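As a plain string of letters, each chain reads:
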Amino acid sequence: MRWRIATFVLTVAAAVFCMLLASCGNAEPQVLKAAKQKILLVGNSADPSTLDPTLSTGLGEFKILSGLFEGLVRADEDTLRVEPAAAESWEVSEGGKVYTFRLRDGLRWSDGEPLKASDFVFAWRRALNPSIGAEYASLMYCIKNAEAINSGREKNLSALGARALDSRTLRIELEAPTPYFLNMLYLNIFFPLPEHVLKKFGAAESRNSFWTRAGNMVSNGAFILSAWRINDKVSIRRNPLYWDTKSIKINGVDFFPIGNANTEDRAFRAGQLHITDSVPISRMDSIRAKLSDCLRSEDWLGTYYYIFNTRRPPFDDSRVRRALSMSINRGQIIEAFLKAGQKPAFALVPPNCSNSWRAGEAPHFFENIAEARRLLSEAGYPEGKGFPKFKLVYNTSEIHKPIAEAIQQMWRENLGIEAELYNLSWPAYLAARRAGDFDVARSNWVGDFDAPETFLGLFESSSGLSHTGYGNPLFDAAMAKARSSADNAERIEALKSAENILMRDMPIMPIYFYSRVCLVSPILKNWKSNILDYHNYRNVDFYISEPL
Amino acid sequence: MIKYIIKRILEAIPVMFVIITAVFFMVRFVPGGPFDRERSASAETIAALNAYYGLDKPLFEQYLGFLKNLSRGELGPSYKYEGWTVNEILAEKAAVSLELGCAALVAAALMGVLLGLAAAAFGRSAWGAILSGLSLLGICLPSFVLGPLLILLLAIKFRCFNAVGWDSASDIVLPALTLALFYAAWIARLMRRAVSDELSRGYVRTARAKGLPPGKVYFVHIFKNAVQPVVSYLGPAAAGLLTGSFVVETIFQIPGLGRFFVSSALDNDYTMIMGCVILYAAFIIFFNLLADIALAALNPKVAKQL
Chain A
1 MRWRIATFVL TVAAAVFCML LASCGNAEPQ VLKAAKQKIL LVGNSADPST
51 LDPTLSTGLG EFKILSGLFE GLVRADEDTL RVEPAAAESW EVSEGGKVYT
101 FRLRDGLRWS DGEPLKASDF VFAWRRALNP SIGAEYASLM YCIKNAEAIN
151 SGREKNLSAL GARALDSRTL RIELEAPTPY FLNMLYLNIF FPLPEHVLKK
201 FGAAESRNSF WTRAGNMVSN GAFILSAWRI NDKVSIRRNP LYWDTKSIKI
251 NGVDFFPIGN ANTEDRAFRA GQLHITDSVP ISRMDSIRAK LSDCLRSEDW
301 LGTYYYIFNT RRPPFDDSRV RRALSMSINR GQIIEAFLKA GQKPAFALVP
351 PNCSNSWRAG EAPHFFENIA EARRLLSEAG YPEGKGFPKF KLVYNTSEIH
401 KPIAEAIQQM WRENLGIEAE LYNLSWPAYL AARRAGDFDV ARSNWVGDFD
451 APETFLGLFE SSSGLSHTGY GNPLFDAAMA KARSSADNAE RIEALKSAEN
501 ILMRDMPIMP IYFYSRVCLV SPILKNWKSN ILDYHNYRNV DFYISEPL
Chain B
1001 MIKYIIKRIL EAIPVMFVII TAVFFMVRFV PGGPFDRERS ASAETIAALN
1051 AYYGLDKPLF EQYLGFLKNL SRGELGPSYK YEGWTVNEIL AEKAAVSLEL
1101 GCAALVAAAL MGVLLGLAAA AFGRSAWGAI LSGLSLLGIC LPSFVLGPLL
1151 ILLLAIKFRC FNAVGWDSAS DIVLPALTLA LFYAAWIARL MRRAVSDELS
1201 RGYVRTARAK GLPPGKVYFV HIFKNAVQPV VSYLGPAAAG LLTGSFVVET
1251 IFQIPGLGRF FVSSALDNDY TMIMGCVILY AAFIIFFNLL ADIALAALNP
1301 KVAKQL
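As they're listed, the protein sequences go chains A and B. Residue numbering for the first sequence is 1 to 548, as defined by the working numbering. Residue numbering for the second sequence is 1001 to 1306, as defined by the working numbering.
Chain B extracted, bound-state conformation (with noise of 0.2 angstroms):
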């Protein structure tokens, strides 16, 4: 188990390596730089600037120097925020970024799964259909649709929350439901029809046969088997809503990462960018393997092929 971790982890490296390198020069080719603004007059202004910065050297040497910084750790300083490195900015960022989606994600699993298990349960029935509907429903409403109405309804009709901000802790509240909503609709489909799957199977019957509670077949048995694929799901569903959404984000002013994807790439701050694509690819690697890990766990079959 160990020595996959440890592969799968060396693997991750020239993978970054590729996806650090790719964006570095793509951002270059994207017309205009970062200091472009409307005013910024004479071209000494951005000379000096780009001097300042180091942008007037060669690309590759840029490049070799961005990797030399890297290595330590240092992302740079920020080309939009003067004053500010990438470094601090992404941990404060990364920050609420992670308590939101942190929030949404135990929501988001927590909703999903106790629908799925209804659902399932209820099979064909009329109740069945109307909570299949309800996740169909929640897979299809925007959360720009969702979260304006959340607070319409409890922000400004019954001012039961801020409509915006992050100060009071109640402020995870409506971001949080509005990004899990999503997230929880899909876990609560792939549930059902996971324990839908598992309940047509022989070890059921079996169970039940030779006279099991039938509350611990349905969530022992049955739970640990249907509960694969979610936990499968999980591990690109963290990495996004652990990074941010700028969506929500920008409904909700939330200071959080999200935004710093869609601004760093208009604003071309280059430094930024990277910090950016760099967090996100590592948040993914480290979700899929912490899933895998976690299907390993539950699945001595899969453990063994490790």
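One chain only, chain A, in its complex shape (with noise of 0.2 angstroms):
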């Protein structure tokens, strides 16, 4: 009897899960289905916390926004090179301290309403609103007085120099010549923004408004925003309106949130992504051999190095740092625990910045054991006895803890001292670095436009970005020069001795350039990488062409 019941249980059990798999069928794949409507699936990383232009500070939403809205000028995805965009010319005059630009004729937002040359100085000047507490108002300070108005000295927002002459007409006064201002312009903090609707929603000088949301965004870009989901996608499709709508070949992109590299990873074997933004580290080596036509490479404007704590003995010492410095084997890091095509780095400024940053000179330094023993025992630490334990902090991640326990193994080594790990959470270590509480910490930069500006200002004294406590007169006053010369030569001169004065004094110690690993679906075409991750979605198409 029992053994009649048991099997009648057993089969309503099997019953069941077998109805759970019945909506089993061999479909077709994400992939192909979004690419006969014309749709691009892309893999995203972080989910955007905010869409606003003037407050997004992640790549992942420099992404979306690109697509969204156009500014002054493009970069080609390929080059970087600067091509017009709303502005369809502009000249450059008074030394380079002026730009005028002329916007096309008849553009238009996505409501309709034409788009004015005030629309810019609006957005501008709501960036560098104090109250409105933009992260990245610093870009524009190369304007004349956006750096008073946003440290609040300048009270009178219409003092920032970028006034519409007319409704087609941009005037741009700068308050040196900056070589690399029209590189910046595509930047979204640099995009006009729809008066218009900003006041409807009481955006104007609120960060915390709807104006941003599916439905209420307008935009001027090549797309508009038709859903954005937290946590789930954000999708934009294309603005008939756009002025040059004819050239765009997709119709619409899908952005996926997708943390977790292996998630991306399976989400892409099964068809669901055209592109990832990453690749598990664990699983390079299996797909190198099975996905190798998807898998590429490219390299990105970025250096990961350790910061050292000048306030605090014995990093005080450049002798110290550079010891440590030059005591690791960078190819060996690379080798084990990257293997993406990462470049050692002997510098902070990657070589391939502003098409190729000191190429063909000698590096800062070399990796010598001998000499870096050298050095710590002139700085009274023979083979490093006495040098006291250190402190090395990084913040959780699946790299910062084998390089930092490796990086630990080699200063043990090769140079007899001990460095103690911590391993903190993203705030706590943000938050450490900012109070000055490490010896030595894990950092990284990744530029924000491709000039060297923009890792060399970091280590100015007036930055307060380094953590490093480093000041140096010299290296501030190459860093002025270079500011203020209207000649690019002489501007690329002192940049460089300023890298020279910085790598000589060695408050950070670089370590490897990045590079991005990423798949890329084999039924995408032209889909272009530059070290910017920058994307405007003019080129890509697809290889299946009839829609459905």
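You can take every hint at face value.
Footprint (simulated), chain B over chain A, 3 or more residues, beta carbon under 8 angstroms:
#1 120-134
#2 205-215
If you anchor each label on the Cβ, the simulated ranges turn out as follows:
#3 V98(A) <-> G1073(B): 51 to 57 angstroms
#4 G112(A) <-> Y1063(B): 45 to 51 angstroms
#5 K1068(B) <-> N156(A): 35 to 41 angstroms
#6 K1068(B) <-> D111(A): 35 to 41 angstroms
#7 T100(A) <-> E1044(B): 30 to 36 angstroms
#8 R296(A) <-> L1067(B): 49 to 55 angstroms
#9 V98(A) <-> E1044(B): 25 to 31 angstroms
#10 K1068(B) <-> L421(A): 41 to 47 angstroms
#11 Q332(A) <-> L1149(B): 30 to 36 angstroms
#12 E173(A) <-> E1044(B): 21 to 27 angstroms
Straight-line C-alpha distance at most 16 angstroms; calculated EDC-like pairs for lysine to aspartate or glutamate:
#13 K389(A) <-> E405(A)
#14 K339(A) <-> D299(A)
#15 K33(A) <-> D1167(B)
#16 K1003(B) <-> D1292(B)
#17 K339(A) <-> E398(A)
#18 K155(A) <-> E1044(B)
#19 K1157(B) <-> E28(A)
#20 K525(A) <-> D293(A)
#21 K144(A) <-> E94(A)
No lab work stands behind these hints: they were computed from the structure. Since we're looking at a predicted model, the values are computed, not measured. Even for Gly, the Cβ is constructed at its ideal location relative to N, Cα and C.
Grab the two chains, each in its own frame, and use the hints to assemble them into the complex.
Following this line, the structure appears as structure tokens:
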């Protein structure tokens, strides 16, 4: 009897299980379905926390905003060369200090309202308004009075050196000739904003408003926002009112904020993404073997380094800092933990910056254990004797931890000194760095725009972003000279000498230059890459051409 | 009974109050603030942000302000998601977690009860051993192994389902299964144990001796008693399932509540942390109450004590 009951129960359980699986079918992969509708499916790392061009700081947000909005200029997706966009032309005058932009005729916002030069002025004043607290406002400090307005010293927003002369002419006055000014104008903080929409939603002077929601947002780029679901996806679709919509080949992009590389990898293999944001390092070898036609390795404008707390002995001695920096094996670290074509770094500014930064010049320093030992003993710690135990701080990540452990080991073996590792959560790590509660800390910098200033500027005494406590009047003077020179060759020379000073003082220990690896579906045509991971989706298309 | 429910609800109020107060102050002692970013440069910017969100006021004043808003059901703006309120985010995400959690709960209860009944019926035979081995496997197999395994097999190899996302109706199957299996295994073990205990009771022998059909003895008399530990287990299980799971949501890229529990804490998104904690506490209190009421309905002895 009991057997019959048991069999019955088991049969029911099996039937339920089979019913769950009944929805199985050999469906067409999403990537093909989307390709037929010309929709691009993109893995986009972190979830966007805002889509307000003034407030956004993340790269993932930048990728979305570059589709939604268009600045005065755009960049070529391959070379990053600046091209006319909302502005059809511009003139530079007064020794590079005044730019006059002429907007295209008949530009319109996605709601049909005309786009005027004053929409740029409105957006830039808003970004510099101290009560908005835009984190990237400092990018605008090259514009006359921008810094004074942002810091609250100048209360009159109209003092900003950006004025609409008429509805199609924008005149911008700079503090100093800034040769890379145009290279910044395609960043989101320089995008125009629809004043009429922001005022309607009370966003002109407020961070918190509903104007960035799908349905509310009005933009001027190739696409408009059609859906934004937190932690799920952001969809943008063709903007029929965009002046050059004929040149855009795709009908939209869906961005998926898949932060976990393994999840993203599975989504790609299940045919749900055209492009991933990254590749799990643990699967690198297997992907190289099986998905090599999809794997792309691209240079990225970024440097991974450790910072020294130069306020604390013994790291106030540049010989100690140099010794530590010379005694690690960067190649080994890349080989063992990164595996994606990163390059050992012996400088702060990546060599791909401004096409070929310091090409052909000797590195600032070499890995040399004997020399490192000599420097350390010169500083009073022969064979590491008497060198205090010190605190090495990094934030939780599957990359930072093994690198820190390897470097700890290398220092122990090569110099006889002992680092204590502190693995902190992201906010705790930021707080420790800001408070100077570390001896050595992991750090990195990814360039905001393609010019050495985006890196070197961190280490000016006035910056406060390096957290090293470093300051050298010679370095500051070189940077000031670069800023004020109207001649580009002179500027480059000044920047090079600034980097020389920095690498001699060595408040940081460069470890490697970034590269990114991602998976790109073979049905994607003309997916370009560049060192800023900037995309305006003008070139991309699919090999499947007929829409269903 | 109604008096009992009202009493339990009244008891919950001070509990919630203590939880809210403790969490409100605890999160403020975590190093860093909600506006710490890698590049957030100037002190002026941080000051402007703190002033904007009222974080520059004395802590106790902020606390009173929070309670005042809470009494109106407002949790305030999210510090991470500019332009979104915690209320609307939680409402949207709770709907997803509720849907997924309900599916998982039903699947877990069905599978667990059926497997438990079967295992008990097989007794000490080989089949019984296999079934209890299976349930042990279900308990031991963590979701971060089971989830990717299911994806590998059913999404990548056979393309039956999507590997990630929350778009089509079938997207619920794999995550619900992953979530359900652990609970199903627990329920199966609880059920098997309870049924075995009941089988040796006197009333079973009496019922059989009186000539009751064996199916009726098994499914009506024994089941009604044996299912009680499962019901009381279902209360906290439901709270856990319905508020989402960080691991399963990360594996399947599901926009549910679970990930906010973790991400809001990492982002120091104070209002979101409060929202998550309040919601979770309310769920636990509610489902425990529900389980107690269900138990009372099943067992008059329990009902009398209420």
